[in-house]
Amino acid sequence: MITHPPGSGLRYPVTLRGEDPVKLMMGLSGAFLAFLLTGLLAQAVLRVSWFLRGQPDFREYQSLALAYELPDGILASHLGIAGLLLFVLLIHRYWHGRKAIWVISVQPGGRWRYLLICFVVAVAVLNVVMWLMRGGNMAWQASQPDWAIYLALILITSPLQAAAEEFFFRGYLQQAIGSLAGRAWVGVACSSLVFAIFHGDQNVALFAHRLGFGLIAGTLVWATGGLEAAIAVHVANNVFAFGYALFTGGVATLKATSAISWEAACSDLASFAVFGALAWWIGRRMHVATLTP
Numbered sequence: 001m002i003t004h005p006p007g008s009g010l011r012y013p014v015t016l017r018g019e020d021p022v023k024l025m026m027g028l029s030g031a032f033l034a035f036l037l038t039g040l041l042a043q044a045v046l047r048v049s050w051f052l053r054g055q056p057d058f059r060e061y062q063s064l065a066l067a068y069e070l071p072d073g074i075l076a077s078h079l080g081i082a083g084l085l086l087f088v089l090l091i092h093r094y095w096h097g098r099k100a101i102w103v104i105s106v107q108p109g110g111r112w113r114y115l116l117i118c119f120v121v122a123v124a125v126l127n128v129v130m131w132l133m134r135g136g137n138m139a140w141q142a143s144q145p146d147w148a149i150y151l152a153l154i155l156i157t158s159p160l161q162a163a164a165e166e167f168f169f170r171g172y173l174q175q176a177i178g179s180l181a182g183r184a185w186v187g188v189a190c191s192s193l194v195f196a197i198f199h200g201d202q203n204v205a206l207f208a209h210r211l212g213f214g215l216i217a218g219t220l221v222w223a224t225g226g227l228e229a230a231i232a233v234h235v236a237n238n239v240f241a242f243g244y245a246l247f248t249g250g251v252a253t254l255k256a257t258s259a260i261s262w263e264a265a266c267s268d269l270a271s272f273a274v275f276g277a278l279a280w281w282i283g284r285r286m287h288v289a290t291l292t293p
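Numbering (UniProt numbering), first residue to last: 1 to 293.
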């Protein structure tokens, strides 16, 4: 199949500019369908793990797993979402006729040194702010059963899940919506809104938390020309959130969270904003490409 690069001098959220609007709309429809199908992929993983466990009562097993009372649930849900990464690469290649290297940045290709530096910065910033704001209120408890298995699965699958969400929301959705509207800010805003809504049941503070994260990550993609910084902070946030949960009430409790305080929301958003400013500054110092060549 013949591929073609995006036009010259474009920001990341509008790199699909020039595509037929109907084609972009159909691509977005396919994206939402793909998101729904992640549940089926997760179910397939659960079926395999259920079989390997000796085929206990499936309804009870599924309920426990999806609530993260069993480590199988983390494996299934994260691999299900990771399937979005494959979808984004395939739709870029075979629907839009773009090489996969244009998905991650306008350079094109991955700027791996920048991603690694951003990850180290994200780990430092998120943990420092959390300990300053909430360190004295951490409800430490005995580690949950099978914590080592949970931790191994978190370290292996959370980066895949977080990266896939960035490729899907800040990658394809932001590009398709931004290019369809002809305005980068529309892509950033709309993809962030969809990101927050798709996280399910939540109170206003938690919705604002997720929307704010999406807006900061989306703005970083626009400002730095790629997904690297957004992936770095998303991976760091998820890995440490689940990691701390192992010793502060359990992963299942974190999974069931549908409400947080405004204090917690503002604390986390402050850490995301600090990281965003540093990632932008580092990108400037490293002269990362922000426009297509």
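Derived from the structure by calculation, the hints contain no laboratory data.
Glycine included, every Cβ here is placed at the ideal spot set by N, Cα and C.
Any given hint might turn out to be false.
[Stated by the list, open to error] Ranges of calculated distance between the beta carbons of each label pair, as one might list FRET restraints: (1) W185 - K255: 30 to 36 Å; (2) G54 - G249: 28 to 34 Å; (3) G249 - G7: 29 to 35 Å; (4) L40 - E60: 18 to 24 Å; (5) A67 - V204: 49 to 55 Å; (6) A270 - G7: 35 to 41 Å; (7) L291 - G97: 18 to 24 Å; (8) P145 - L291: 19 to 25 Å.
Hint check results:
| no. | hint | result |
| --- | --- | --- |
| 1 | W185 - K255: 30 to 36 Å | holds (33 Å) |
| 2 | G54 - G249: 28 to 34 Å | holds (29 Å) |
| 3 | G249 - G7: 29 to 35 Å | violated (50 Å) |
| 4 | L40 - E60: 18 to 24 Å | holds (21 Å) |
| 5 | A67 - V204: 49 to 55 Å | violated (24 Å) |
| 6 | A270 - G7: 35 to 41 Å | holds (37 Å) |
| 7 | L291 - G97: 18 to 24 Å | holds (21 Å) |
| 8 | P145 - L291: 19 to 25 Å | violated (51 Å) |
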